Amino acid sequence: MDISIERILDHMNNDHGDVLPLYVRHFCKREDVKEAKLIDVNEEGMTLLVNGNERVRIKFTKKIDFKGIHLEMIKMAKIARRALNVPAPEHYKDKGHQEEEKMKMEISDFIGNFKSVIIGTVSEEGEPNASYAPFFKYHGDSYMYINETEVYFENFKKNRKASLLFIQDEGQAMVASMRQRVTYNTEIQFLEKNDYYNEILDEFQKNDFSIQMTRNVPVFHLVRAKLASGRYVKGPRQAFDITKDRRIVGVTLGTLENS
1 MDISIERILD HMNNDHGDVL PLYVRHFCKR EDVKEAKLID VNEEGMTLLV NGNERVRIKF
61 TKKIDFKGIH LEMIKMAKIA RRALNVPAPE HYKDKGHQEE EKMKMEISDF IGNFKSVIIG
121 TVSEEGEPNA SYAPFFKYHG DSYMYINETE VYFENFKKNR KASLLFIQDE GQAMVASMRQ
181 RVTYNTEIQF LEKNDYYNEI LDEFQKNDFS IQMTRNVPVF HLVRAKLASG RYVKGPRQAF
241 DITKDRRIVG VTLGTLENS
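Going by UniProt numbering, the letters in the sequence shown line up with residues 1 to 259, in that order.
Rather than coming from a laboratory, the hints here were simulated on the basis of the structure. It is possible that part of the hints are untrue.
As the list claims (entries may be wrong) - Dumping the calculated BS3-like pairs for lysine-lysine here, alpha-carbon to alpha-carbon at most 27 Å: (1) K37 x K161; (2) K244 x K102; (3) K37 x K78; (4) K161 x K104; (5) K193 x K37; (6) K244 x K78; (7) K93 x K115.
Note that the structure is predicted; figures quoted are calculated from it, not measured.
From just these sequences and the hints, can you work out the full model?
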């Protein structure tokens, strides 16, 4: 999937998921919408998965170029909210809301550059372990391709929690001690091997050809990582907490007094 499309899907599903059912309710005149997920978008409209099993296509108010998709979706969200009398969240009115939105996209773009992720887990005995796994974003969700030879596999089976680290390559950083990085606390979900499982792997292997050779090997598994709270370290004295409800909050750092 095109990284620009995945960027939009990630942002809308994870940061503005509350408005997706409103698109369907208003523009399709539906009242049976319990949940909706954005799964595709182009210059003519968007496709949503409604109630977990129905694909619904909604046309934009006009055909636009790709760069204008985000603004068009914002406009349609305002139309739907107004028609359905559903107010926007209060923090949308905050002075720093636009900067917060830019920061969310910046974090999404940073993670979008990675094809693997460093994983931290803890055993039942409290022993820490660090390793890595191939990483992939699809329809706004985060996936890892893991195998049973890794210590974290047993940890996942007994404790579905993990810490994920995305860190800038040393060669791209000005100095090694100031590498840009994002950490997330996550919950791991093992996926049933069904048609959707294979659909995800079909996309995954476009980025990692080795998956084609291992996808039918029993010791390999696809898992979904539900990103919860975390922290984004942009640079020296630039740190931001990511809350469970996807808010971005600047971290107040201490200062060293000269003796």
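The hints, checked one at a time:
no., hint, in the structure
1, K37 x K161, "holds (24 Å)"
2, K244 x K102, "holds (18 Å)"
3, K37 x K78, "holds (18 Å)"
4, K161 x K104, "holds (23 Å)"
5, K193 x K37, "holds (21 Å)"
6, K244 x K78, "holds (25 Å)"
7, K93 x K115, "violated (36 Å)"
In this structure, the one hint that does not hold is number 7.
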